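Visitor: Listed here are the chains, written in short residue letters.
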Amino acid sequence: MTDLILTPNINRADDFYAELLAAHENLSKEESDALNARLVLILANHIGGRAVLSQAIKAAQDAG
Amino acid sequence: MNKIFEVPLYPYQHSSDQDASAPVRHPVVIIGAGPIGLAMGIDLAQQGVKVVIVDDNDKVSSGSRAICFAKRPLEILDRLGCGQPMVDKGVKWDVGKVFFDEREVYTFNLLPEEGHQRPAFINLQQYYFEEYLVNRVRELEAQGAPIEIRGGNKVTAIGTHPDHATLEIDTADGPYNIEADWLIACDGAGSPTRQMLGLDFVGRVFEDNFLIADVIMDADFPTERWFWFDPPFNRGQSALLHKQPDGVWRIDLQLGWDIDKEEEKKPENVIPRLKAMLGDDVEFELEWVSIYTFQCRRMEKFRHGRVLFAGDAAHQVSPFGARGANSGLQDTDNLGWKLKLVIDGTADEALLDSYDVERIHGADENILNSTRSTDFITPKSTTSRLLRDAVLDLSEKYEFARPLVNSGRLSVPCTYDGSPLNSADALDGPIKTRPGSSCPDAPLGDEFLLPKLGNKFTLLTIDAEAPDVIEEAEVEVTRLALSVKDDKTGALQERYLGDAPSAVYLIRPDQHVAARRPSFDENLFRAAIRRATGKE
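Sequence lines, in order, name chains A and B.
In this text, residue positions in the first sequence follow my numbering: the first is 30, and each later residue adds one.
In this text, residue positions in the second sequence follow my numbering: the first is 18, and each later residue adds one.
Please note that a few of the clues may not be correct.
Derived DSBU-like pairs (lysine-lysine); straight-line CA-CA distance at most 35 Å [claimed, not checked]:
#1 B:Lys109 / B:Lys260
#2 B:Lys552 / A:Lys87
#3 B:Lys278 / A:Lys87
#4 A:Lys58 / B:Lys357
#5 B:Lys318 / B:Lys357
#6 A:Lys87 / A:Lys58
#7 B:Lys552 / B:Lys106
#8 B:Lys278 / B:Lys260
#9 B:Lys278 / A:Lys58
#10 B:Lys414 / B:Lys282
#11 B:Lys469 / B:Lys106
#12 B:Lys505 / B:Lys552
#13 A:Lys87 / B:Lys473
#14 B:Lys469 / B:Lys552
#15 B:Lys114 / B:Lys473
#16 B:Lys260 / B:Lys414
#17 B:Lys114 / A:Lys58
#18 A:Lys58 / B:Lys414
Below, a sample of chain A positions facing chain B; criterion: calculated Cβ distance under 8 Å [claimed, not checked]:
#19 Leu35
#20 Pro37
#21 Glu48
#22 Leu49
#23 Leu50
#24 Gly77
#25 Ala85
#26 Ile86
#27 Ala88
#28 Gln90
Pairwise CB distance ranges (calculated) [what the hints assert, rightly or not]:
#29 B:Val24 / A:Lys58: 52 to 62 Å
#30 B:Asp297 / A:Ala73: 23 to 33 Å
#31 A:His75 / B:Arg547: 46 to 56 Å
#32 B:Ala236 / A:Glu60: 45 to 55 Å
#33 B:Ile233 / A:Gly77: 37 to 47 Å
#34 A:His75 / B:Ile448: 51 to 61 Å
#35 A:Gly77 / B:Lys469: 54 to 64 Å
#36 A:Ser57 / B:Val24: 32 to 42 Å
#37 A:Leu82 / B:Asp445: 57 to 67 Å
#38 A:Pro37 / B:Asp297: 38 to 48 Å
#39 B:Lys171 / A:Arg67: 56 to 66 Å
Calculated directly from the structure, the hints in this document are not laboratory data.
As the structure is a computational prediction, the values presented were derived from the model and not from experiment.
All residues carry an ideal CB built from backbone N, CA and C; glycine is no exception.
From just these sequences and the hints, can you work out the full model?
Guide: Following this line, the structure appears as structure tokens:
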């Protein structure tokens with residue numbers, strides 16, 4: 030079973046972050062929240078593994 | 018005792034040009050005796066080009082201003098003969114801490130690569146930086162080099178012509194005129210030259226104000242860069258603490274947009290802010306306070322006929338990442354040798370268009386990085402702030418989020434990918450030394466590689482044969498022959514060979530790679546020399 034990756038894994042992280050911010054540009058708060066929700070679900074589907082998804086939810090809860 | 022920035026270092030002196038019946042023509046006039054104008058003047062004077070630097074002031078800059086100098090500019094200063102005093106005086110640092118709200122979220126170490134003569138960064142007040150450059154100018158003058166600083170000379174009008182520029186200059190003795198074959202404007206972000214010529218300066222304005230304070234204190238903070246996001250003492254904003262020489266600490270506090278600048282600058286308003294940050298029991302003295310706003314923008318072109326722009330006059334970035342003065346020095350490094358070849362008639366004026374191509378590439382890289390840092394530090398929308406805070410929360414627990422934290426992407430040398438002066442890469446070698454790259458340093462016994470390069474074209478051979486000198490199209494290229502046998506640390510091999518058994522590099526006077534191949538081929542290297550000097 031693969032574990033949730035919590036070490037740096039995004040190539041050119043600054044480019045990714047800038048693209049993410051750009052996707053939110055000119056959106057209202059509601060539109061941005063909806064975009065984020067869609068994004069979470071798309072990424073979750075890409076990951077697929079139930080155990081990893083559970084670990085990810087737990088990790089997000091722990092960091093807040 | 019007077020502070021160095023209170024002493025007139027180049028007071029106004031009457032020049033014989035002021036008594037001439039017709040305007041005297043100079044090969045090069047530089048406007049602005051700041052870090053960039055001085056470095057430009059030194060570079061040209063060292064090559065025997067006669068330079069006059071005019072400035073309406075007569076002192077080094079007051080306050081610390083640009084304080085973070087990166088390795089590449091220090092290497093450039095070595096070439097200009099004044100890197101050592103900067104490094105001796107400067108504070109070296111590798112460790113940074115990031116705070117969010119009331120917590121320290123993580124510590125980072127720049128972990129600079131071994132085997133470089135110069136450190137990754139030093140902190141040094143801009144006034145010392147300028148003082149050491151002025152000292153170098155004086156040293157060159159004493160050796161008879163053709164360089165002159167004219168303080169108290171304010172340029173009031175500029176005329177442009179196909180083969181020269183004219184300047185009207187105001188002084189304590191009244192106005193006079195001079196002419197320049199080449200005029201280099203290094204007169205800062207507000208560049209009066211740019212305004213007098215009515216040239217564009219487009220980009221993005223950031224609606225924010227930052228209070229900078231230089232504070233003298235005996236404090237036991239370590240020599241580290243501390244950055245706070247949303248701290249209790251500056252809610253909703255950011256803060257930076259950084260050590261400078263002489264027990265002077267640099268503090269930057271973000272203030273937001275809607276403030277009264279004059280009020281905020283008053284000591285009775287600054288001191289309580291600093292006490293909230295440093296604690297009530299820390300004794301300190303304010304040396305300098307300023308408020309700045311910033312913009313990320315550049316001129317469409319840095320060359321306008323016989324007028325060339327360098328440093329902040331040509332491009333402006335946010336201060337996050339120390340990309341202002343550091344990139345300005347790279348401008349002078351790029352321009353100096355090209356202008357020398359053009360003035361000597363060795364290269365055509367068109368070579369200077371490559372200054373535009375290469376340094377605009379550098380400016381765009383700096384603007385992109387510093388804009389991103391600014392967007393992270395000062396999020397402009399609720400979602401942008403939520404994402405930023407999520408990154409910071411995650412960074413405390415999970416390593417993966419740390420590369421996303423952006424409190425400034427620190428200045429690294431620009432690689433001139435795609436430059437018309439590069440020849441196609443013909444070596445299966447390390448990517449960091451591909452054509453366009455600035456040469457990374459490497460230890461050679463008790464010495465280092467970079468001091469052996471620079472100021473002239475060099476053919477670096479590593480376990481390869483080549484002539485000791487090649488002359489092509491009036492450019493002389495001398496060989497520097499090295500072998501992996503002299504490379505005790507393996508750095509030369511790692512940085513210049515990779516898996517290749519041998520290599521020949523054509524290196525420009527600014528220590529950038531123009532061409533590389535596994536072995537010497539006379540025709541191909543002659544073509545590479547012509548190409549690197551704008552002749553192909």
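Visitor: Between the alpha carbons of lysine 469 of chain B and lysine 106 of chain B, is the straight-line distance 35 Å or under?
Guide: holds (24 Å)
Visitor: Please verify whether lysine 278 of chain B and lysine 87 of chain A have alpha carbons no more than 35 Å apart.
Guide: Given pair lysine 278 of chain B, lysine 87 of chain A is violated - Cα atoms ~46 Å apart, limit 35 Å.
Visitor: Starting from the hint 45 to 55 Å, judge whether the C-beta atoms of alanine 236 of chain B and glutamate 60 of chain A obey it.
Guide: holds (47 Å)
Visitor: Lysine 260 of chain B and lysine 414 of chain B were given as a pair; does the straight-line alpha-carbon distance stay at or below 35 Å?
Guide: Distance ~28 Å between lysine 260 of chain B and lysine 414 of chain B Cα, so the pair holds.
Visitor: Holds or violated: 54 to 64 Å for the Cβ distance of glycine 77 of chain A and lysine 469 of chain B?
Guide: holds (56 Å)
Visitor: Does the CB of glycine 77 of chain A sit less than 8 Å away from some CB of chain B?
Guide: Because about 19 Å separates glycine 77 of chain A from the closest Cβ in chain B, which is outside the 8 Å limit, the hint is violated.
Visitor: CB of aspartate 297 of chain B to CB of alanine 73 of chain A, is that within 23 to 33 Å?
Guide: violated (50 Å)
Visitor: Under the criterion that the straight-line Cα-Cα distance not exceed 35 Å, is the pair lysine 114 of chain B, lysine 473 of chain B satisfied?
Guide: Violated, at roughly 41 Å.
Visitor: Is the hint on glutamine 90 of chain A kept, meaning its closest Cβ partner in chain B is under 8 Å away?
Guide: violated (11 Å)
Visitor: Can you tell me whether the CB distance of leucine 82 of chain A to aspartate 445 of chain B sits inside 57 to 67 Å?
Guide: violated (43 Å)
Visitor: Lysine 278 of chain B and lysine 58 of chain A: Cα distance at most 35 Å?
Guide: Between lysine 278 of chain B and lysine 58 of chain A the Cα gap is close to 32 Å, so the pair holds against 35 Å.
Visitor: Between valine 24 of chain B and lysine 58 of chain A, does the beta-carbon spacing fit 52 to 62 Å?
Guide: holds (55 Å)
Comparing the model with each numbered hint stated earlier shows that hints 2, 3, 4, 7, 10, 12, 13, 15, 21, 24, 25, 26, 28, 30, 33, 34, 36 and 37 do not hold.
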